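K.L.:
Next come the chains, spelled out residue by residue.
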Amino acid sequence: MSDRRDCPSCGMQVELERTLESGYVLVACQICGLGLGVRPATAAEVRELNGESPDTLARVGVVKRGGLGAIVEKAPAADPRAADPRAAPEPPPERPAPPPRQMRRVFVVEDSAFLRALTRDLLLERQLAREVQDWPDGPAFIEAFARAVHAGEKPDLVILDVRMPGMDGREAAYAIRAIETVHDQKRTPILFFSGVLCDEPFKESLKELTNARYVRKSDEDVQRLGERIAEVLGRLVGAA
Amino acid sequence: MQQPGDGVVVVGPAELVEAAAARLGHLRVATYTDGAAAFEAYAQALHQGQAPRLVVTELEVERISGASLVRAMRALERASGARPTAALFYAGRAADAGLKTLISELGQTVHLDRPVQAPVADQAARLQIAIDRLLAQLKGG
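As given, the protein sequences belong to chains A and B, one line each in that order.
1 is the number of the first residue of the first sequence in the numbering used here; add one for each residue after it.
1 is the number of the first residue of the second sequence in the numbering used here; add one for each residue after it.
Any given hint could be a false lead.
What the hints assert, rightly or not - With a cut-off of at most 20 Å between alpha-carbon atoms, the simulated SDA-like pairs for lysine to any residue come out as follows:
#1 A:K207 <-> B:E62
#2 A:K186 <-> B:A37
#3 A:K203 <-> B:S65
#4 B:K100 <-> B:P84
#5 B:K100 <-> B:P115
#6 B:K100 <-> A:P165
What the hints contain is simulated information worked out from the structure, not anything from laboratory work.
Note that the coordinates shown come from a computational prediction; the quantities given were computed from them, not determined experimentally.
Using the sequences plus the hints, can you model the full thing?
P.N.:
Dropping the structure here:
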C-alpha cells in the first residue's frame, strides 16, 4: 500500500516511508523526514516486512526506537493480538520522538542575522549541538568548510539556507560534496532550511546530495519549529 | 574525468565547449557542461598543486552557476593559501552593473560577451582569440 500526500513541512507530494510498530505503520516524509502519523498496517505490509511468513501476523517488528519515524527491526515477536488479522491491535502509546544524539559541531549558513541567531539558540538550548559556527553566505562557509576538512574538524551537520544572495544553498552543498570527494571524506549530513516549498528539481538535487533533508521555514512558533527540526535531525544524524 | 592540470578549463553548453576544445588543440583543455563537476575537478587539481591557468565559464550552467563556480574557487584558494586562478565569464548575459561589481570583487576575472545568436563555430573562434590573448597577458605578468 502506498501513501502519497503533501508533506506539511517541505510541501512536496511524496511517497511516504513506512515502518511498522506492533501492527501499525508509522509514516514519514521521504524529503524532510517529518513524521506524519500512524495507521493500522495492512496484512500485505506485515507480509512485506516479515518476508517469509505470509500467513500470519505473528511476526511484526521489534521497536528499537519509538515515536514517529521509529526504527523497527525484523524479529520474531510473538504478539497474540497480531496473530489474528481481524483483531484490531491497540494503537501504540503516544510518545515524543526521541531526541537526536548531541552533535559536536554544526555549521549554519543563513543570510538573515535573526534566523542565524535563532538557529544557534535552538541547537544549543536543546543541546542538539555542543558548538555552532555560522556564516552569512556560501563562499565564506565553503572557505571555512575547506579549512575544517584540512584540520580534520569537519562538522557533524551543515544547515543551509536555500535562498541567499549570490551563491545559493544548493550550490554551496554541491561545492562541499566536491571537497569531500577530493579529500576522501565521508559525506556530512545536510539540512536545507528554506522559506520556499521543495520543487521537483530540488528533489532530484536532494538525491544527488544525499544525505540531505529539506525543512520549510513557516510562520509557526519557534517552539513547534524546534520540535520539527529536532525530529528531522533524529532521522538525519541518528538518535541519542 | 579529465584533469585540468596546468591548462585551461572551459565550462558551458556541450556544443560550445566541444567546438572550443577543437580550436584549442595547442593547449591542455578540460571541458565540463556542469559547474559542480568543474568545481570538483578544480578542487582536485588545486589539491595536487596543479591549478589550471585559466577557467572559462558561461554563467548559465547546471548545478553550480558560472558566477558561483568562481566564488567557490576563490573560497577554496583562500582556504589553501593558493594564488587566484584567472577566470573568464564567456556569457550570453551582458555585464550589467551587478555583474561588474561581482567581477571586481572576485579579482583576476574578466567578462566577454558570447554572441549567442551567432553560429557555434564563430562563438568558439571568438573564445579562442580571447583565451590566447589572456594567456599571453598572464605569461607577460
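K.L.:
Each hint should be assessed against the structure and marked as holding or not.
P.N.:
Hint-by-hint comparison with the structure:
Under the criterion of a C-alpha separation no larger than 20 Å, the hint pairing A:K207 with B:E62 is consistent with the structure, at around 16 Å. Under the criterion of a C-alpha separation no larger than 20 Å, the hint pairing A:K186 with B:A37 is consistent with the structure, at around 18 Å. Between A:K203 and B:S65 the CA atoms are separated by roughly 18 Å; this keeps the pair inside 20 Å, and the hint holds. With a CA separation close to 18 Å, the supplied pair B:K100 and B:P84 stays within the 20 Å bound.
The hinted pair formed by B:K100 and B:P115 meets the criterion: a straight-line CA distance of about 19 Å does not exceed 20 Å. For the suggested pair B:K100 and A:P165, the alpha carbons sit about 16 Å apart, so the restraint of at most 20 Å is met.
The structure fails none of the hints (numbered hints given earlier).
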